[in-house]
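Asks: The primary structure of each chain is shown beneath.
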Amino acid sequence: MFRVPLAWLQLKKEKLRFAVALAGVSFAVVLILMQLGFREAMFVSAVRWLDRMRCDVVLISHDTIFIVAPAPFAQARLFQVLGVPGVASVAPIRAALAAFENPETHVVRRAYLVGIRPSDDPLSIPDVSRQLSAIATQDRVLFDEKSRPEFGPIGALVREGGPLAVELNGRSVRVAGTFSLGSSFGIDGNSVTSDVNFERLFPKRTRGTIDFGLVRAVSGESPETLRDRIRKAVPNDVDVLTKPEWIAREQRYWASTTPIGYVFAFGTVVGLFVGAIIVYQILFADVSDHLPEYATLKAMGYTDLFVASIVVQQAVILGVCGFLPGALVSYWLYGVAGAATRLPLELTPERVLAVLAVTVGMCTISALFALRKIRSADPAEIF
Amino acid sequence: MDVPIAFAGLSHYYGSGANRRRVLDTLDGEIRGGEIVIVSGPSGSGKTTFLTLAGALRSAQEGSLRVLGTELRGAGARALSTVRRRIGYIFQSHNLLGALSAVQNVEMSLFLQPDMTSGVARRRAEAMLDSVGLRDRMHQLPETMSGGQRQRVAIARALAGEPRIVLADEPTASLDKKSGRDVVDLMRDLAKRQGVTVLIVTHDNRILDVADRIVHLEDGKLSSFADSVIEDQRHLMGLLAESQRKGELIERVTDMPLKVS
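Keeping their order, the protein sequence lines are chains U and E. For the first sequence, this note's numbering gives the first residue as 64, with consecutive numbering after it. For the second sequence, this note's numbering gives the first residue as 1478, with consecutive numbering after it.
Fair warning: there could be bad hints in the mix.
Selected chain U positions facing chain E (Cβ under 7 angstroms, derived; list incomplete) [unchecked claim]:
no.	residue
1	Pro-226
2	Asn-232
3	Glu-356
According to the in silico footprint, chain U covers these stretches of chain E (three or more CB under 8 angstroms from chain U) [stated by the list, open to error]:
no.	region
4	1529-1538
5	1579-1591
Read the hints as simulated data drawn from the structure, not as lab findings. C-beta atoms are modelled at their ideal positions from N, C-alpha and C, and glycine is treated no differently.
Okay, chain U solo, but in the shape it has when bound:
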């Protein structure tokens, strides 16, 4: 029944309409892929720090909503945990936003400063592990080369002139070296120093308080069991989570508690709607134009299903053909936007396939709506 490619030939005949439909689908695809890309980048970037903290279980203050602005809690809580069976080691982490002055423009921006005990080596960032002795020195910090450019060309300056004098929280410190992490929606730049230097930079902060308590399990211990055991050992003012739970909580915050997650979800739906409406309009116009022809086909003995399948085929053709240019443009835009925002925009094969499926689905649904018009193709009316 499909040996004459009628669906394709009909689409091809109306070249302008076909081009408009493809442009519409491509536009929707770009919109959807960009929104999803930013959304994913938001999730990935939001947990960059969490990913790199070596731990199985973490202690955080019950008042901490998200890691950018953590609420400190007593270091003693963490050391208390050392007595719990199954705990191999603990590492206290201090973290807060600190005012960093651009050494060239003197514009002040807030960078996320993480204070670690060098002896713990708690971060799986090779450049940090390598330079632990540097930050053990007084008033020395490491700076993230992939911080937003507004902080100045710190990496280049350090490579050229050695330790770089900068103002951090109003105190003169030196950037001893760099590492590579990247910004996120909540954090523009990153810096790492020792716990001692951290406390010097935040003189008003209560001594002996920490923001994250990293706990490592002895080998063979399940993080869930250990989490439950620690929960029983510490008071309720501290939340005890496994690392995956911590990551999920942080992402959930961005997805649902901030408007940003909503904006991207909304943008994706808008993209779908725009695409669906364009495809519907095009198919509806096409069906209207071909109504006498479809009625003729029915008169010849073709079934309603056959005629409907022509329209659905056209929708699938529009979906697939519109997807390809859309995906190519998105690929290019990911590069452009990734360079501009320093966000981890990545066009993964899974996302490409998912959006292709969604696009074809969107076109098919539009076709089903346009099909309602076909019922009025009454073969008895064509004489």
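Fit chain E to the supplied structure of chain U, relying on the hints for placement.
Replies: What follows is chain E alone, placed relative to chain U:
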């Protein structure tokens, strides 16, 4: 001899309630195999309705209508569609598929047959177009053809599937005198060669001679063609006589000398 189309007490109505209007009134008759029948009659006489019923394009409401052995009274969409596959249609405006070439249009009717292969369909479509004199235009789109050529493609399409019945609705309506003549002659020749029954609805008197039999439909009733012709002629002669008399009067008035004082 089989009877492709037989109808008894066939009535048909449009609208419902107070607007219900009878368009066909208890028609009885049959159309025999291989016969070319023309249904004539003024517009609004119900002849197109009759054609859509005989062509299984709608189900019959009242009485009996058997087309190719299937009773169409109250028939469902599926039954109608099955009957339609054995009928060829030629429409007033050719109704070719604009996106398809002539040969593809003809193939569309061939692919309705089970087990039809692309090769066979192509050969038969080409042979059919050859027999309607369009050998050189097989791959042209309908929009690049003349009205007569399009109607010939439509004839090829209608006959390619070797239907038992061909229905034609005003096949010459959009054609000039010469193309119209060519088209009906072609229809008759091909139909006679294939032994197919042809039912033509027309009010084009110039093509009445292709018919084996002419039936006349007026106000939803079938009448003898002879009676209707005599009635028509009487009416026409009367009009002619009247206009002739008027003509003489006008001549006499114009011939009168002008006496202006």
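Asks: Run every hint past the structure and note whether it holds.
Replies: Hint-by-hint comparison with the structure:
1. Proximity of Pro-226 (chain U) to chain E is violated relative to the hint, the smallest CB-CB distance being about 74 angstroms (cut-off 7 angstroms).
2. Proximity of Asn-232 (chain U) to chain E is violated relative to the hint, the smallest CB-CB distance being about 72 angstroms (cut-off 7 angstroms).
3. About 5 angstroms separates the beta-carbon of Glu-356 (chain U) from the nearest beta-carbon of chain E, less than 7 angstroms, and the hint is met.
4. Check on the region 1529-1538 of chain E: 4 of its residues sit with their Cβ under 8 angstroms from a Cβ of chain U, so the three-residue criterion for coverage holds.
5. Counting residues of the region 1579-1591 of chain E whose beta-carbon sits less than 8 angstroms from any beta-carbon of chain U gives 6, enough to reach three: the coverage restraint holds.
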